[in-house]
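Using the hints provided, position chain D relative to the given structure of chain H.
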Amino acid sequence: MDIKNIYHIAQRAMGAQLVRLNATASNLANADNIASNPNDAYKPVKPVFETKYFDLIRKKGISTVDAVTVQKMDIDPIKEYKPGHPMADENGFIYRAPVNIEEEYVDMLEASRHYQNNVEVISTIKALMLKTASLGK
Amino acid sequence: MNNSIKQQFDVYSNALNIRNKKNEILASNIANASTPNFKARDVDFEVELARSLNNGPLKTSSSSHIALTTKYLPGKVQYRQSINPSVDGNTVELAVEQMEFAENSIRYQTTLDFINSKIRGLLGAIRGE
Chain H
2 MDIKNIYHIA
12 QRAMGAQLVR
22 LNATASNLAN
32 ADNIASNPND
42 AYKPVKPVFE
52 TKYFDLIRKK
62 GISTVDAVTV
72 QKMDIDPIKE
82 YKPGHPMADE
92 NGFIYRAPVN
102 IEEEYVDMLE
112 ASRHYQNNVE
122 VISTIKALML
132 KTASLGK
Chain D
3 MNNSIKQQFD
13 VYSNALNIRN
23 KKNEILASNI
33 ANASTPNFKA
43 RDVDFEVELA
53 RSLNNGPLKT
63 SSSSHIALTT
73 KYLPGKVQYR
83 QSINPSVDGN
93 TVELAVEQME
103 FAENSIRYQT
113 TLDFINSKIR
123 GLLGAIRGE
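Chains H and D supply the protein sequences, listed in that same order. Quick note, the first sequence lines up with residues 2 to 138 if you use our numbering. Quick note, the second sequence lines up with residues 3 to 131 if you use our numbering.
Rather than coming from a laboratory, the hints here were simulated on the basis of the structure. You may find that some hints are simply not true.
[As the list claims (entries may be wrong)] Covered, in the sense of this in silico footprint (three residues per stretch, anywhere, with C-beta under 8 Å from a C-beta of chain H), are these stretches of chain D: (1) 18-26; (2) 40-54; (3) 94-103; (4) 110-116.
[Stated by the list, open to error] For lysine to any residue, the following SDA-like pairs were computed, each having C-alpha atoms within a straight-line distance of at most 25 Å: (5) 53/H with 80/D; (6) 44/H with 19/H; (7) 61/H with 12/D; (8) 73/H with 38/H; (9) 127/H with 102/D; (10) 127/H with 9/H.
[To be verified] Here are a few chain D residues that sit away from chain H, every Cβ distance over 10 Å (derived from the structure): (11) 13; (12) 126; (13) 131.
Since this is a predicted model, take the numbers as computed values, not measurements. Beta carbons are placed, not taken as given, at the ideal position from N, Cα and C, and that holds for glycine.
Bound-form chain H, shown alone:
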């Protein structure tokens, strides 16, 4: 999809940041998940951002960003020895989701900050365009 104007740039960037916020929310919601085997354990997801340029030769410098995919992080679940646990496997182990809560918080703050910046860009540009449209009045 090509970039039509400056609203489009900010709009798609906000969309990408929303994907990031969704991924963070999903990670935080599943932070305490327990599974009885390592393959079933929840793995944190992270979006992959990619710059989309307005022109193929990248000469004009106008670009926006898309969250192209959301990938599962390649980390092993936390193995814990809890023989009495109802979810424990035959050896008495449970597998916790390896979600780093601090990291997710920082990600969430950064994403919301960037989202706000894009909102600010849109409202500034809107005010400037309205002023331009009413020139000479």
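Only chain D this time, still in chain H's reference frame:
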């Protein structure tokens, strides 16, 4: 001097064009503030304006030629030298970009104010007030 009123506004329209382009590039930088390996870009307003003033409209030597409607041709976009480059290869510094965007918007508004007072002046002259 058949379009002298147009000439009065030429420099302002060029300035607005460049300011608008600069705003789009800064918005792109802000949009890509968290994209790995993105390099921030910018245009130099003074250089671009000087260039736009030197570029006359293309001469038409035949009636079938199409005259350029604008004097301003898109120019050179440069990469920003970052103060604190980050590990992921991204050179966008939000504070810098926000400051540049705010300054550029204010300068855009100032140009609009100049145009408004020019319009008022010309209207006054036409009406003989």
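(request) Sort out which numbered hints this structure fails and list those numbers smallest first. (result) none
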